[in-house]
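Colleague: Each chain is listed here by its residues.
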Amino acid sequence: MDLDLNDEQQMLADTVGSLLEKRYDANARLQLLESSELGWSRELWQQYADLGLLGLTVDEQYGGAGMGAGELAVVMESFGRALILEPFVATVVLGAALVDAAGSPEQKQAILPGVTAGSTVLAFAYAEAASRWSLTDIAATAVPAGSGWTVSGEKIAVLGGDSADRVVVSAKTPDSDVGLFLVEGDATGLRRDAYAMQDGLRGADLLFEDVPAVALGEPADALAALESVLDTAMAMLCSEAVGAMERMLWMTVDYLKTREQFGAPIAVFQTLRHRAANMYVSLEQARSMALAARLALLDDDVPARRRAVRAAKLQIDLSARHIGQEAIQLHGGIGMTMEYPVGHYLKRTTAIAKTFADADLLTQLVGADEGLVTAD
Amino acid sequence: MDLDLNDEQQMLADTVGSLLEKRYDANARLQLLESSELGWSRELWQQYADLGLLGLTVDEQYGGAGMGAGELAVVMESFGRALILEPFVATVVLGAALVDAAGSPEQKQAILPGVTAGSTVLAFAYAEAASRWSLTDIAATAVPAGSGWTVSGEKIAVLGGDSADRVVVSAKTPDSDVGLFLVEGDATGLRRDAYAMQDGLRGADLLFEDVPAVALGEPADALAALESVLDTAMAMLCSEAVGAMERMLWMTVDYLKTREQFGAPIAVFQTLRHRAANMYVSLEQARSMALAARLALLDDDVPARRRAVRAAKLQIDLSARHIGQEAIQLHGGIGMTMEYPVGHYLKRTTAIAKTFADADLLTQLVGADEGLVTAD
Amino acid sequence: MNTALSKEDRAFAEEMRAFFASEMPAEMRERLGRGGHPSRDDIVTTMRILDDHGLAAPHWPVEWGGKDWTPLQRHLFAEEMVMANVPSPLAFNTAMVGPVIATFGSQEQKERFLPATARCDIWWSQGFSEPNAGSDLASLKTTAVRDGDEYVVNGQKTWTTLGQFGDWIFCLVRTDSAAKKQRGISFLLIDMTSPGLTVRPIHLIDGGYEVNEVFLDNVRVPADQLVGEENQGWSYAKFLLGNERTANASIGLIKSRILRIKRLGGTALDDPLLRARLTRLEVEATALEMSVLRVLAREASLPPGVPDPTSSMLKLKGSELQQDASELLTDILGPAGLAYRETDEVPAGFDALPEGALDAMPTYFNWRKASIYAGSNEVQREIIAKTILKF
Amino acid sequence: MNTALSKEDRAFAEEMRAFFASEMPAEMRERLGRGGHPSRDDIVTTMRILDDHGLAAPHWPVEWGGKDWTPLQRHLFAEEMVMANVPSPLAFNTAMVGPVIATFGSQEQKERFLPATARCDIWWSQGFSEPNAGSDLASLKTTAVRDGDEYVVNGQKTWTTLGQFGDWIFCLVRTDSAAKKQRGISFLLIDMTSPGLTVRPIHLIDGGYEVNEVFLDNVRVPADQLVGEENQGWSYAKFLLGNERTANASIGLIKSRILRIKRLGGTALDDPLLRARLTRLEVEATALEMSVLRVLAREASLPPGVPDPTSSMLKLKGSELQQDASELLTDILGPAGLAYRETDEVPAGFDALPEGALDAMPTYFNWRKASIYAGSNEVQREIIAKTILKF
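So the protein sequences, as listed, match chains A, B, C and D.
Every letter in the first sequence is one number past the one before it in our numbering, and letter 266, counting from 1, is 266.
Every letter in the second sequence is one number past the one before it in our numbering, and letter 261, counting from 1, is 261.
Every letter in the third sequence is one number past the one before it in our numbering, and letter 364, counting from 1, is 364.
Every letter in the fourth sequence is one number past the one before it in our numbering, and letter 251, counting from 1, is 251.
Okay, chain A solo, but in the shape it has when bound (with noise of 0.2 Å):
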């Protein structure tokens, strides 16, 4: 039994935690977030593509590193310590692995080198207003048209929505199958309402009105591709939200160190260590579910799999939100403005918390069938 990273793993997080460092304080990030037009810098995009990041768990052949869910989550911890604002979980995490479980070799060829070369953005559309997270009770459609589909609808909460070059979206077909189509970035009848998300990324509402489109596969095989890229996604929010709350962590212990009340650092009063130390048993237990994520990805078996993953996002998102909220709270009013990072961080963590599955349906889901331990 390794739980730990092994040498492969451990300098790919240190490259992409070097990269960071150096180029992802919280200074710059602000700049990024309230001052350039993208909300995110082409530059860095171009250094993940060199690193091999964007290609991470691409196929060599189509110009990727064939690495597994190991590598990519080592990444997305080190993007969630930097909270880095690029359409890293809407191109690649998303995007390019629909296209990789769903897409036909063609399209995979197509598609997957400019994503692996940092030219290609791609988001994918599926939350409704009316659905919640449900991917199947979706009022959008896709009828044949020719040789393709045009698809129809309206899609909330677009990660990477507004900059996407390509867009997957699913859409029930005339069959009832929720199938993945791909839409050009530039199509006829896709309108965009762009915005900044609550916590900084870029995104948007997309209108679909009879806009041409390709099926991603077969739509009637789309749905299981979806739900499996789907556990892979929440595992890496997982991660992503384990450095998150390692840095909200330390952050707050670095503060209570240095934050002068009274004569004294306030560290010295026993009610702020005990809720820093109750903070740091929520990330532990973050941190394995994490990790039980990560490893569950490899089991064969999808309920088992599905569940342990619904699992760790639970317990994410529950520990998430005691550290955030306590990390602001010991901070005082510093930690909920702008300039100071830590504010941030609870916004990250809170729309993880709303991506995918929130932690009432989680918790629903998690305990709909055999529950998670068993007597095996």
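Simulated from the structure, these hints should not be mistaken for laboratory data.
Bear in mind that the values here come from a model prediction, so they are computed numbers and not experimental data.
Beta carbons: idealized from backbone N, C-alpha and C, even for Gly.
Careful: at least some of the hints might be erroneous.
Lysine-lysine pairs mimicking DSS-like chemistry, simulated, CA-CA at most 27 Å apart [what the hints assert, rightly or not]:
1. B/K257 with C/K180
2. C/K390 with B/K257
3. A/K257 with C/K180
4. A/K257 with D/K386
5. B/K257 with D/K67
6. A/K257 with C/K7
7. C/K67 with A/K257
8. C/K386 with A/K257
9. D/K180 with B/K257
10. D/K386 with B/K257
11. B/K257 with D/K141
Quick list of the computed label-pair ranges, beta carbon to beta carbon [claimed, not checked]:
12. A/T258 with C/Y209: 25 to 33 Å
13. A/Q261 with D/D68: 16 to 24 Å
14. A/Q261 with C/D191: 27 to 35 Å
15. B/E209 with D/D41: 38 to 46 Å
With chain A fixed as given, assemble chains B, C and D onto it according to the hints.
Modeller: Chains B, C and D only, in chain A's frame:
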């Protein structure tokens, strides 16, 4: 708006308080609990009778004082502080109240003067193993027999069921009414499996095998009377629990001030101080809701009254869980011993939380309709 | 909790409710009911209408426009105002500096400031907190040095709420540097257009600007703008902060948020876990409301202007419930709350946003402040602990 | 969390599971699985069967009957034992005094005590806590004064778990009253039949007797029963307490309680709120199990015998989950758990009791101890805080 006790109530509180202070210290109580056959004091029972407590809410024509729930709540809070072992809830809050609410004038005349005088102990048998706290989903049956009825079935957790001279039992009639039936303690076919309850109060499981019984009023009208008595009883348990919680808080406060560790009273430890403060907050919230419950009993709007009483018990149960667990934790090992009183308070409030309905059930009942906070 | 109110009190509440319904702009009330932030104009408009009806500051002395109401009536007035989605009068004016001037100010100060304060012709800001003070307020460092008929003020204030709109600011300043902490502090009224005074807004994580830094660089303040006696400012500040025992419970706000959640919760509230959270929130809020009423009922018998454990308890629980309510709303909205938007206008063809989409998550972030400001919850716990432990 | 285990580890666990299933008395396992308390005989029987198979103390040195297992294997052994409802070997013997004697004892002590300790021919008790020490263990007052070839011991110990069954007791005693606190403490082995030693059981709120007071009144102890050096006892005690990083997580116990809840929960678990509590308990337990595995995986690289924040974290979370599980069971039983009974026999004609009726609530009361003993959770938080704050 006067939310304080009126003079009469204050006098009642003083009278009961001073009796209990003299006669019901922790040692005296422990003696009764562990060394008496009955598990409570006949002599004190007689003193309660002499003070008019057993007939407090009984109509004057039956030898009572004809007072209301406000006065009864005052007594219950004092009883909660002293943690009395006598079957007051069984006899007065439940038994006599049911006779009063559902019985005929003749039945009242036959029973209530005995209660008031202290010569009759009553009990109410309603819970069944398979029905949790449901009043209507019960298996016990009553069938007409001659001028009366016979009752069959098994009831569990009957408070005072060990020593009751007469038992009120709920059972389904052939018309599927949930009726209330009066059974003599020495009736043929009634068998008792007597025990101490988890909180030290005495009780029994009761097995009825074709036991001769008389109906308390009309079976068709009994359920409404029963529900109304349980509204009052719930409110009374709230008051009792508030008395118990108050003692747990102050015992804990005293302990923190007197127990020394590392060369100082442990009250210097901020984390313990602040947890005592949180206990205070829980107590005040509970006290407010016990008051709200008492006031709600005056409400003619039955659903509103019931909702308010249930909400009160929910708050009380949550506060009691918090205060009880923290009281033990802040005491450390000593709090877990029989010789020290605080654990007995935890046990009584835990039992209260499992009486009539628990926090989970109450949450669902209170949230079932329009809820508690309305625009009115 | 109607059962606790007398018939007269209920009638009073009804009267207030009718007043707010008929006299306050419907557009504003509707907008704020949908989660909008009150603008400067909303607050000024409201205070003028209140003043026109003699209701600007019911708790002030009658000769300065107050009403001879009971504490409960004042509470019901404030609660009905919140429940009607009317913005509360600026607390810095009516709850803070007004009572201080009315109690400790000179006759000339009263005449000069109180009417304008009640009507919001002067928008007051509060200059208490400093960057290095925090919960240790008395360690403040801003100095005021007497120079002839003026004080010369130097220092920095922070967390000045709505200071960007301020006309005047009431400040705690150190007038005797030799004296220890609480002694040597004075209470000074400063015109915010004075040379040397600058305001810098602080951008908060909810995306908005509601607090500010205020820099005082050789600001000259006429000595007749000192309230009361020199070096007695700490006692006036304590009077001001201990003035309202029950306001920090925010019970009206909590109830109005609960009603809003029920109104817009829709099918999300069929979810048993969300429903259970709402129910427990309702129960705790009902308990808190009764706690408020209990305090009001014995208000007369309590010493005035001194922090007591009950008001700390109300602040603690009130801030928690405020935060719980804001969190529950984000959970009800789910993914619909993820976009950060300045307005609820969407491009043609797009669906209208569900209510709450705009404000739920920013409010959740913003209300983290509720357990930090006005005496952090840690400070409140310590006040309670000191009282119950006497130690 | 099978996905974290290698094939070999899983095979090892299976092997242990099969061993416990085949070699341990079925009646005992069935009875304990229904919530019964292990009797003295259960524990002794178990330890003898283990010893017969060379499994009495796998973590001891091989020459004294230990196994050359990895930390993970030792963990899996212990976990499978708990999950199979086999009582754990008496911790005072195998986890505490055994390793101390094996590490610090004389060759003569090893030969005299270790085989009997492994096999439970000696039932050991622990004499550390004292009435006025609590979390401040080092303030202990029991003295041992050298008198020729003997020590004369006077004082009182308390919270001596299962001391009513004890044959011998290992005690911390003060041998140098002039030295400060931790210095001046020695580690002494005392025959409990010695004149002057008396045991008084303490009645606990769950109705049972599991802890005792031990009074020492001029008890004469041969000097060759001193372990290691005089006045070095504190370091042996620290070694002993820091010996097991992961045992305090009680993960096997928690998992077996969760499985029991699922087995007997019945329709109560259709209730969405009870079900949600169970699910969150399962998630936290799964996380805790992975935390345990993470610690085991890097066990070799950690300094031995020193409390570290990880084991504090495991104790904190483990005790909370134990308590949550016991509370959930009481809530599932509802009114059926209200009777206090010594046995599950009922008079003829009465329904049989549902499983858990006997033990659910007493266990809930009893397990409040989990956050108090073996270093209260406040102590654990302070250990974590010291480590992360370095302050």
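Colleague: Each hint: holds or not?
Modeller: Hints and how they fare:
1. B/K257 with C/K180: violated (30 Å)
2. C/K390 with B/K257: holds (9 Å)
3. A/K257 with C/K180: Roughly 26 Å separates the two Cα atoms, so the pair holds.
4. A/K257 with D/K386: The given pair, whose Cα atoms are some 12 Å apart, holds under the 27 Å limit.
5. B/K257 with D/K67: This hinted pair is violated, its Cα atoms lying about 50 Å apart.
6. A/K257 with C/K7: violated (56 Å)
7. C/K67 with A/K257: violated (50 Å)
8. C/K386 with A/K257: holds (26 Å)
9. D/K180 with B/K257: holds (26 Å)
10. D/K386 with B/K257: Holds: D/K386 and B/K257 sit about 26 Å apart, inside 27 Å.
11. B/K257 with D/K141: holds (22 Å)
12. A/T258 with C/Y209: 25 to 33 Å: About 27 Å separates the Cβ atoms of A/T258 and C/Y209, which means 25 to 33 Å holds.
13. A/Q261 with D/D68: 16 to 24 Å: About 54 Å separates the Cβ atoms of A/Q261 and D/D68, which means 16 to 24 Å is violated.
14. A/Q261 with C/D191: 27 to 35 Å: holds (32 Å)
15. B/E209 with D/D41: 38 to 46 Å: holds (40 Å)
The structure fails hints 1, 5, 6, 7 and 13 (numbered hints given earlier, in ascending order).
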